[in-house]
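Undergrad: The listed protein sequences correspond, in order, to chains V, R, P and G. Following the numbering used here, the numbering of the first sequence begins with 1 at its first residue and continues without gaps. Following the numbering used here, the numbering of the second sequence begins with 1 at its first residue and continues without gaps. Following the numbering used here, the numbering of the third sequence begins with 1 at its first residue and continues without gaps. Following the numbering used here, the numbering of the fourth sequence begins with 1 at its first residue and continues without gaps.
Keep in mind the hints are simulated off the structure, nothing from the lab. All C-beta atoms in this analysis are idealised placements derived from N, C-alpha and C, irrespective of residue type, glycine included. Warning: the hint list may mix true and false statements.
[To be verified] Okay, the calculated beta carbon distance ranges per label pair:
| no. | chain 1 | residue 1 | chain 2 | residue 2 | range |
| --- | --- | --- | --- | --- | --- |
| 1 | V | Ala232 | P | Trp105 | 52 to 62 Å |
| 2 | V | Ala325 | R | Lys322 | 57 to 67 Å |
| 3 | P | Ile175 | V | Ala232 | 42 to 52 Å |
| 4 | R | Lys161 | G | Ala546 | 31 to 41 Å |
| 5 | G | Ser114 | P | Glu466 | 54 to 64 Å |
| 6 | G | Gln418 | V | Glu334 | 51 to 61 Å |
| 7 | P | Glu466 | G | Glu166 | 58 to 68 Å |
| 8 | P | Glu466 | R | Lys161 | 44 to 54 Å |
| 9 | G | Glu166 | R | Ala232 | 29 to 39 Å |
[To be verified] Derived pair list, reagent style EDC-like, types lysine to aspartate or glutamate, alpha-carbon separation capped at 20 Å:
| no. | chain 1 | residue 1 | chain 2 | residue 2 |
| --- | --- | --- | --- | --- |
| 10 | V | Lys162 | P | Glu251 |
| 11 | R | Lys159 | R | Asp103 |
| 12 | R | Lys159 | G | Glu415 |
| 13 | P | Lys483 | P | Glu597 |
| 14 | R | Lys193 | R | Glu296 |
| 15 | P | Lys573 | G | Asp401 |
| 16 | R | Lys322 | P | Glu364 |
| 17 | G | Lys478 | G | Asp430 |
| 18 | P | Lys172 | P | Asp187 |
| 19 | P | Lys8 | P | Asp110 |
| 20 | P | Lys573 | G | Glu568 |
| 21 | G | Lys8 | G | Asp244 |
| 22 | G | Lys8 | G | Glu132 |
| 23 | G | Lys457 | G | Asp401 |
| 24 | V | Lys147 | P | Asp244 |
| 25 | V | Lys348 | G | Glu568 |
| 26 | G | Lys573 | P | Asp244 |
| 27 | P | Lys445 | P | Glu467 |
| 28 | P | Lys8 | P | Asp401 |
| 29 | R | Lys348 | P | Glu183 |
| 30 | R | Lys322 | P | Glu258 |
| 31 | V | Lys159 | P | Glu466 |
| 32 | V | Lys59 | G | Glu568 |
| 33 | R | Lys348 | P | Asp517 |
| 34 | G | Lys483 | G | Glu594 |
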Amino acid sequence: MSFMPKPKIDHRGLKRNELGLSLHDYEGVASTLCAGCGHDSITAAIVQAFFELNMPPHKVVKMSGIGCSSKTTAYFLAGAHGINAVHGRMPSVASGANAANRDLTFVGVSGDGDSLSIGLGQFAHAIRRNLDMLYIVENNGVYGLTKGQFSASADVGSKAKKGETNLNPPIDPVKTGIAMGASFVARGFSGDKSQLVPLIKAGVRHRGFALLDVLSPCVTFNDHEASTKSYAHTRQYFHPAVHADFIPPSEEIRASYDEGEAMPVELHDGSIIVLRKTDPDYDPTDRARAFSYLMEHQNCGQVVTGLLYFSGESGDMHARNKSTATPLADLDYEQLCPGSHALAELQKGMR
Amino acid sequence: MSFMPKPKIDHRGLKRNELGLSLHDYEGVASTLCAGCGHDSITAAIVQAFFELNMPPHKVVKMSGIGCSSKTTAYFLAGAHGINAVHGRMPSVASGANAANRDLTFVGVSGDGDSLSIGLGQFAHAIRRNLDMLYIVENNGVYGLTKGQFSASADVGSKAKKGETNLNPPIDPVKTGIAMGASFVARGFSGDKSQLVPLIKAGVRHRGFALLDVLSPCVTFNDHEASTKSYAHTRQYFHPAVHADFIPPSEEIRASYDEGEAMPVELHDGSIIVLRKTDPDYDPTDRARAFSYLMEHQNCGQVVTGLLYFSGESGDMHARNKSTATPLADLDYEQLCPGSHALAELQKGMR
Amino acid sequence: MSGRAKSKLNDFVIKLGTVNGTGSASANALVMKTIFRMGVPVVGKNLFPSNIQGLPTWYEIRVSRQGYMARSGEIDVMVAMNAQTYAADLAEVSAGGVLIYDSTWPRHRDLSRSDITILGIPLAAMCNERFENARARILMKNMAYVGALAALLDLDMEVLRGLIEEQFASKKKLIGANMEAIELGFDYAHQHFQCPLRTRVQALDKTAGHIMIDGNSAAALGCVYAGATVGAWYPITPSTSLMDGFKAFSERFRVDAETGERDFCIIQAEDELAAIGMVIGASWMGARAFTPTSGPGISLMSEFIGFAYYAEIPAVLFDVQRVGPSTGMPTRTQQSDIILCAYASHGDTRHVLLFPADPHECFELAVAAFDLADRLQTPVFVLSDLDIGMNDWMIPRLEWDDSYRPDRGKILEGEALQNVEKFYRYLDVDGDGIPYRTRPGDLAKGAYFVRGSGHNKFGGYTEDSEEYQEVLDRLLKKWETAKKLLPDPVVRRTRKPTATAIISVGSCDGAVREAMDRLAAKGIYLNYMRVRAFPFGRKVERFIAAHEHIYVVEQNRDAQLRALLINETAAAKENLESILHYQGLPMDYRCIVEHIERQVARGEVA
Amino acid sequence: MSGRAKSKLNDFVIKLGTVNGTGSASANALVMKTIFRMGVPVVGKNLFPSNIQGLPTWYEIRVSRQGYMARSGEIDVMVAMNAQTYAADLAEVSAGGVLIYDSTWPRHRDLSRSDITILGIPLAAMCNERFENARARILMKNMAYVGALAALLDLDMEVLRGLIEEQFASKKKLIGANMEAIELGFDYAHQHFQCPLRTRVQALDKTAGHIMIDGNSAAALGCVYAGATVGAWYPITPSTSLMDGFKAFSERFRVDAETGERDFCIIQAEDELAAIGMVIGASWMGARAFTPTSGPGISLMSEFIGFAYYAEIPAVLFDVQRVGPSTGMPTRTQQSDIILCAYASHGDTRHVLLFPADPHECFELAVAAFDLADRLQTPVFVLSDLDIGMNDWMIPRLEWDDSYRPDRGKILEGEALQNVEKFYRYLDVDGDGIPYRTRPGDLAKGAYFVRGSGHNKFGGYTEDSEEYQEVLDRLLKKWETAKKLLPDPVVRRTRKPTATAIISVGSCDGAVREAMDRLAAKGIYLNYMRVRAFPFGRKVERFIAAHEHIYVVEQNRDAQLRALLINETAAAKENLESILHYQGLPMDYRCIVEHIERQVARGEVA
Ligand SMILES: Cc1ncc(C[n+]2csc(CCOP(=O)(O)OP(=O)(O)O)c2C)c(N)n1
Ligand SMILES: Cc1ncc(C[n+]2csc(CCOP(=O)(O)OP(=O)(O)O)c2C)c(N)n1
Ligand code: SF4
Ligand code: SF4
Ligand SMILES: [Mg+2]
Ligand SMILES: [Mg+2]
């Protein structure tokens, strides 16, 4: 099994990572989304992050549901296996896939409809299981693919293209994640790649469920003033809580950060994420505080972004299961079958 | 349509309420639950509360899903219509029923399996809709009816009868309710009727979704020390936040409460609930604080009970829909059908 | 102009290939509406991708003086606006046809054909020259091809202008710009080509008393007229526009002008499981409630459907079918949920199905669905499809009988309930298998407990074998009753006596009728029955019994209608032969004609 | 002792009526196991309520020297411990039978019968006298009736003691108390009645090489031996014990003694939709994965099942059927999910079904299910039921062939993948309709994208009609391939040539076999075929073709197996006549014999 794919034909002048791969090698098929869709920017950030992580694409598994957002897994990492599950049910497929092969890197992409409406139960329970994956919610407050109905994350008072006003309170993936006990909760904005790429990298390296809510304006159905998921709004009320810069273990450049401003946190694989607090009284390890911090800023119409909560304590699904280190899908049948003798022994107790 | 049912044969010495009904009139068929099941105590509290509320049973609608807890709707208010929906899906049936008849009083009874596992999505979305109902989660940390598997509210470290230990973090109905924007969130304990009855009454009168989480030990499968849903634990770490005494509008006995200790809150129907703060710094109208308060006490192993959050601001589903005052199910067909002339007019635009 | 062009007066197909999200839809509608108002029958088929912007999309307009409503399988005039699909669009034009393209950019020399007429018009160039802003340039290019078509097909410019004026009645200043663009195209065509083509439109009087509408709108209107007050749904193509329609019509007809109060409640549910739960809840309360969905939704609703069947709660479901299995092709049409809907849910369950064939029947059968659901106290499915639901059909104007009153079935209330000695929910009092129900909130006497678990005829919980079976057997009796209440099939007899027939369903109708005409022209005569409901009643049985060989035409792979006929009528299996079409595009007559001709040639069947 | 008692040596039924939650289950098992160890064939049927404590529950033990495994329809010895059901229990005893009750409390004088023997034993009184604590008093009462039965039925006390010793091996001090209670009953019976009864047990040697096991445990063992590593489930009666079994066996066989590390992962999902999603995810990764559920679960899984069908992902589902529709009677048995499972999901979908008839086949077919799912890359359903899954069956000891290696089907990996020029997921390379798959994490070359939306044979997204149909048609070819791979039916031919036969399925087997013997004794000879898989293969077709009249015996109302036979074989409808049983209790031979005798009497069929 060759771990390092052969590099494709050399594109002159393209930057290459440690595997000798260029950004191109982390791309997928051409996007069919609307021009200007926030989701495409997130795709670009994912491409960038995996490139920087020096990750062999075929060791990554791409998971999604149904929606414009869920389509995007086809638009990055062509060399990775991917699955478009049914609408809202990607977390269960990811749970099974991860159960069978703990060695791969799982990245899930979902939408606010996919995760917060039809898929809310699965979303919450994957969190609860602390499934080892990066789970990105490309959050635009609407169902893009079915033409702009409000999703569960639509803001109170936001107006649909057809003129309707939403009056139901939004379900916030970040607050939900915190309430459900997620071990890594972050928020980004599709238009801010500089913040997004490190958050993606940190999420990939986190062992456990890394929830990344990304505000991703739908230019076709939800880019109007009244929505916090519009470009205009997000730019204006952008309120980063913590900047996460990811440092792969091979680099170790912790020293280059100003100590007074930085809070390094060690991840399970030994890598470090350095949290730069822009808001001095924010501590991303205090779950109770995270919630009220969010609420306070929400009350003044601000959307907090950055790494909002992080905990390295609770083991992932496999740790809780005490799974063997070898991926279950790779175990030899000989090891799994107890054999005829054991069967005979067992049946002695059935007489 | 007679609003006041005729009293049954007089049982001598039975206390009667304003409708001339006795407690018996609020009972249902005999329970088939295990002797000592917490759910039966909640049933008794419901009987008491509706009796005290002077509510005509046939104006109440009983909703439930599947589980030991969900069976209990048959054990109270025999004179009310009731429905046992499929497992975990009662909130949607309640939503439709309430959409069709806003005049009735809806009381839902569910279990932690029914509401937090299979039914989590429906539960959250009924909250989001601010459906006008009292929703009781009879929370025992296990699936009673299928013989004791952990439910999503099982505590970390709690042990099943078969010896297994749960390692997944619990989904707390109260925290979930707060995160999802519920307008009334309370918690009680099946063994404490004095607190439970007023909470039920307050929840019934609240216009909107009143979530009442009731710790209700399963004597058969989950009454062991390690669980916060056991009698022993709950009694020991009982931590009431706010006592709610419900005063029906006809009585108006506000004055009998000590002003300094009480915090009266007006409900939509003009009735008052008086909150007695046992914890002086607790304010049940501050959502952000409610969450951290819960977390703080949870961190010291305490379960906070009482009325934990309350807001009278957001209208219920019908207010948001601007529904007509008459129950939709009662509208005359003549009022609903636009008639042949309107049809002809309309079709002029289709040429 | 090439002399090869066939003369197809009022009998041809225009196909317009564009890019979605560029505003071509309203331009295409304009062409169609103009022809319609000229009194010439038309039908429009929208072939669109499952995305929002930037992919190829097509619109097919069939102009048919005979009034055929299916696709013809020919493309007589192609408007190829999308460079990406130019090659394929070119290839698709029928010999003798015409292709119009935007000659602003030169096309590749290989992309040509000698057997068709190719007309280049510099649409983009003209519009860029005339209009300033980028948005207008894109939109006006569409209007320019409308103008060119008007010249080439001899459309009535007054009618066209009238439509533009109506469309921009509230934004009057746009009228001028649009007409300007139309004239750009019109003038160019007149200056450069011999107009009109021989393939052209000539005013007739065959659309009087007709309207143009899609099936979802018509069904929505049916829901309004049936008195439905609660609609619950989760968005899914191609059913979404049904609820959009219900909302629009309800806002028009059901909002109090003074208070703004609404006599309806639409709930956008969190998913399909919730949507059907809401319908069940509302119906139980006594309201009329419905949910529109498509295949994946029915799969998700399966558990609840069985609950409604067994607890005997009315529910109306619209399944606007799309291509399955799984997510399949959401923007393509199929009839492949027949088996699922007929037997949805575990245990012994069977459901009433209604099969509209066009928007007119969507309206009628929507109303019927509520009456039947109330009468039979059971879920009723209206099985439409994308072709019926989302395409633009010409149908006779909808009529309404103001004396109609809903059949609410056996509801005991008020005094009637008062007079009953004791009320039992599941008792077969009348011997037709249908029990009485009461409404929550009415008299205390009517209170009962609804459950999907074992219950006896009194409504009590039971685990007793006989009590359980008694209720289950009564449901079979109700099933027999249903057969008598359901809409009859539509039968069309050929001029000559024949033992051969076609049975079909829903949107196959147009293709079958056209096929029959063409076969008759070749001396092959068949009778025809279109079933409109399941379970099948006596008329269906009689038709089957009267024929020796029957072709069952349907749009799915697994011959699902045939399976139902075999299972649930006396039909002999060997007499039913399938003609199947399941590619996702609305079917045309050709596969039917070819199949039957082949069989006749083999001497298999007349 | 009444002289009316029939002599039924090694051929009778004991029914024990108790209250659930009182510990009677282990007492009843003790009686059964004792008889089993005495070499006499037995089978136990547990008739329990859908609650946890305090309601009536029954256990039926059939003792049958002939080895019949179905219920007999007779109650020869009734142990009526539940005052609440005393009247009904009394009424149920067959004429000539015996009823044993607790005479501590006097019974009502009306509650008597002269045609049976009624034996009162003061069980509670004796136990209350002997034992101190309340818990012991309740539990020991059960042991006391075991002792009384031992005396009356002539059970081997040494065997009984041996069982008690094994049971309490880890709590030795309980042995004495239990034996004491047993002796209380034993002695009382001996002192007051003439023991043994004529209905009694006599040691034989007919259980050697056999074990007692329930179908769910056997199926779980099959999963372990098949090499399944991922199990996902949501608790539901009567399937729960399957996953309990898998867990127990895996903990026994698959945990590293040193590290405690586990070679398996069981996920208790949040619901059934998630459970099947997990199975699909794990199977896609290349693990063997399964989910046990019952009817409501299959309904909920429907959408995902269609996804797995179309995306061609293996999945093994155990549907331990219970009484539907809806929640129905969760603790009763039925075979009413056949149609649902065969065609689950919207669109054109059809699925492979396996039908075990007893725990032995649960084991074998569980293993086969994984091989077939891998080979065919599709969901495979094992349709068991509550009767098979939760009752105690006597079966020949399970054997295992150590040379067995799983058929993982067409997986391209490592070098083989390396050598392929280019890998396309949905290409029919071998002409059998089955494409190759790769495993995520293997070579980069094998990467592909799985989707439930339209895809072409290369695995690319498509909305093209022909490309779509090509894949759908290949799935039909795969379906034909499946027919060749599935387990053959079991055929039993009668001694005389006959054109009449029975076709049946699953747990009907015992009743059918007994019915055939009884019919043969009356001169009515029939052949018998029990189908074991769907789609039906050539042998099924041939059997059907060889018979003129076939009774289809099944446990549902709507003749679901018959519908499948009619739809999916060449069977002529009129040749298949249904015999249906759907009351929820495991069927016995009587309804079959009565039905066929009636028909024969009418001269309808031999
Ligand atoms: C079972 C089911 N119901 C409905 C749909 C239709 N559908 C497709 S995508 C979608 C919503 C997508 O919204 P979101 O997840 O927010 O993605 P976005 O398009 O906004 O990125 C819906 C309702 C479906 N595919 N399957
Ligand atoms: C679709 C479906 N899946 C599974 C079940 C089986 N089931 C019945 S009740 C129950 C759990 C009940 O747990 P909870 O709601 O906590 O109620 P409790 O019995 O603990 O009061 C389950 C899994 C079912 N009835 N329906
Ligand atoms: S509809 Fe919205 S979410 Fe979908 S592709 Fe277009 S901009 Fe993006
Ligand atoms: S099993 Fe538990 S929850 Fe169920 S009735 Fe018994 S004590 Fe109550
Ligand atoms: Mg969205
Ligand atoms: Mg519970």
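Undergrad: Against each hint, give a clear statement of whether it holds in the structure.
TA: Hints, one by one, checked against the model:
Checked against the hint of 52 to 62 Å, the C-beta distance between Ala232 of chain V and Trp105 of chain P comes to roughly 36 Å, which is inconsistent with it. The hinted range of 57 to 67 Å is satisfied by Ala325 of chain V and Lys322 of chain R, whose Cβ atoms lie roughly 60 Å apart. For Ile175 of chain P and Ala232 of chain V, the Cβ-Cβ distance of about 32 Å falls outside the hinted range of 42 to 52 Å, so the restraint is violated. For Lys161 of chain R and Ala546 of chain G, the hinted distance range of 31 to 41 Å is not satisfied, since their beta carbons lie about 54 Å from each other.
Against the hinted window of 54 to 64 Å, the Cβ-Cβ separation of Ser114 of chain G and Glu466 of chain P comes to about 26 Å, which falls outside the hint. The given range of 51 to 61 Å is broken by Gln418 of chain G and Glu334 of chain V, whose C-beta atoms sit roughly 25 Å from each other. At about 41 Å, the beta-carbon gap between Glu466 of chain P and Glu166 of chain G misses the expected band of 58 to 68 Å. Taking 44 to 54 Å as the suggested C-beta distance range, the pair Glu466 of chain P and Lys161 of chain R does not conform, at roughly 36 Å.
Range check, Glu166 of chain G to Ala232 of chain R: Cβ separation about 35 Å, and the 29 to 39 Å hint holds. For the proposed pair Lys162 of chain V and Glu251 of chain P, the alpha carbon gap of about 13 Å is at most 20 Å, so the pair holds. Taking the CA atoms of Lys159 of chain R and Asp103 of chain R, the gap is near 44 Å; set against the 20 Å cutoff, the hint is violated. Proximity of Lys159 of chain R to Glu415 of chain G is assessed by CA-CA distance (about 48 Å); at most 20 Å being required, the pair is judged violated.
For the hint linking Lys483 of chain P to Glu597 of chain P, the alpha-carbon distance of about 35 Å lies beyond 20 Å, and the restraint is violated. In summary, the hint linking Lys193 of chain R to Glu296 of chain R is not supported, as the alpha carbons are separated by about 26 Å, beyond the 20 Å threshold. Of the supplied pair hints, the one linking Lys573 of chain P and Asp401 of chain G is violated, its CA atoms being roughly 44 Å apart against a limit of 20 Å. Distance hint between Lys322 of chain R and Glu364 of chain P is unfulfilled; the C-alpha atoms sit about 29 Å from each other, more than 20 Å.
For a cut-off of 20 Å, the pair hint linking Lys478 of chain G to Asp430 of chain G stands: about 11 Å separates their Cα positions. Our distance criterion of 20 Å between C-alpha atoms is broken by Lys172 of chain P and Asp187 of chain P, whose separation comes to about 23 Å. About 28 Å separates the Cα atoms of Lys8 of chain P and Asp110 of chain P, which puts this hinted pair outside 20 Å; it is violated. A C-alpha spacing of about 11 Å is found between Lys573 of chain P and Glu568 of chain G, which places the hinted pair at or below 20 Å, so the restraint holds.
In summary, the hint linking Lys8 of chain G to Asp244 of chain G is not supported, as the alpha carbons are separated by about 38 Å, beyond the 20 Å threshold. Restraint check for Lys8 of chain G and Glu132 of chain G: the C-alpha separation of about 39 Å exceeds 20 Å, so the hint is violated. As the CA atoms of Lys457 of chain G and Asp401 of chain G are separated by approximately 38 Å, the hinted pair breaks the 20 Å bound. Between Lys147 of chain V and Asp244 of chain P the alpha-carbon distance is near 11 Å, which keeps this suggested pair within the 20 Å criterion.
Among the hinted pairs, Lys348 of chain V with Glu568 of chain G is inconsistent with the structure: their alpha-carbon atoms are about 43 Å apart, more than 20 Å. As the CA atoms of Lys573 of chain G and Asp244 of chain P are separated by approximately 46 Å, the hinted pair breaks the 20 Å bound. Between Lys445 of chain P and Glu467 of chain P the alpha-carbon distance is near 23 Å, which puts this suggested pair outside the 20 Å criterion. Note on Lys8 of chain P and Asp401 of chain P: the hinted pairing is violated, with a Cα-Cα distance of about 40 Å set against a maximum of 20 Å.
Using a Cα cut-off of 20 Å, the hinted pair Lys348 of chain R and Glu183 of chain P is violated, with the two alpha carbons roughly 27 Å apart. Only pairs whose Cα atoms come within 20 Å are accepted, and Lys322 of chain R paired with Glu258 of chain P is accepted, the gap being roughly 12 Å. In summary, the hint linking Lys159 of chain V to Glu466 of chain P is not supported, as the alpha carbons are separated by about 57 Å, beyond the 20 Å threshold. A threshold of 20 Å between alpha carbons decides the hint, and for Lys59 of chain V with Glu568 of chain G the separation of about 44 Å lies outside it, so the pair is violated.
Between the alpha carbons of Lys348 of chain R and Asp517 of chain P the distance comes to roughly 33 Å, so the proposed pair goes past 20 Å and is violated. Of the supplied pair hints, the one linking Lys483 of chain G and Glu594 of chain G is violated, its CA atoms being roughly 35 Å apart against a limit of 20 Å.
Hint check: violations occur at hints 1, 3, 4, 5, 6, 7, 8, 11, 12, 13, 14, 15, 16, 18, 19, 21, 22, 23, 25, 26, 27, 28, 29, 31, 32, 33 and 34; the rest are consistent with the structure.
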